[in-house]
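Using the sequences and the hints given, assemble the complete structure.
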Amino acid sequence: MPSSRNLDSCCWTCQLETTWSQSIRGEASKFNNETDKQALVEFQSHLSENSLASWNDSFAFCKWTGVTCGRRHKRVTGLDLSGMKLSGDISPSIGNPSFLTSLSLSGNSFHGSIPLEVGKLFRLQHLNMSSNFLGGGIPVSISNFSILWTIDLSSNNLEHEVPSELGSLSSLVLLSLRVE
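The working numbering numbers the first residue of the sequence shown as 2 and each following residue consecutively.
Hints are all accurate, no fakes.
Result set (EDC-like, lysine to aspartate or glutamate): computed pairs, CA atoms no more than 20 Å apart in a straight line:
#1 Lys75 with Asp58
#2 Lys86 with Glu50
#3 Lys121 with Glu166
#4 Lys86 with Asp153
#5 Lys38 with Glu118
#6 Lys75 with Glu43
#7 Lys64 with Glu35
In short, the hints are calculated from the structure, not lab data.
Spelled out as structure tokens, the structure:
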């Protein structure tokens with residue numbers, strides 16, 4: 002039969018491990034949420050006007066216009082800023098919200114090129130940047146996505162060369178690159 006001293010020592014060790022584990026998880030979660038928020042703030046800073054004025058500390062970033070967060074982990078899973086009359090270039094920070102599954106920036110006036118960092122969004126399922134003024138080429142890094150279903154880059158000023166690597170997107174059901 003275990004002694005009371007051994008049992009107390011065992012319980013204290015379990016409490017310490019539980020507290021330490023919760024602390025580490027909390028810090029990691031806080032860091033990741035902060036990373037998502039900083040990515041959104043950086044994205045906003047690349048806009049030409051004071052667009053998305055509601056993106057401020059008055060609200061939790063998961064409540065900001067166009068932002069969807071997961072219920073459990075409170076990470077950004079969707080960003081839908083379609084038709085919001087936004088202009089400017091798309092910040093490379095758009096590649097930082099690592100839980101992003103849907104990104105829609107269609108129907109705005111974004112210019113410049115599609116940032117290579119979009120290729121870091123390995124959970125992305127839907128990408129819509131149609132009806133903007135984006136130029137340059139289609140980043141080959143987009144072909145890294147294993148679960149990407151839809152890509153709509155139509156009605157932009159993109160180069161006509163389509164990277165052959167896009168053929169490796171086995172889950173892709175829609176690819177729209179039409180020019181109007």
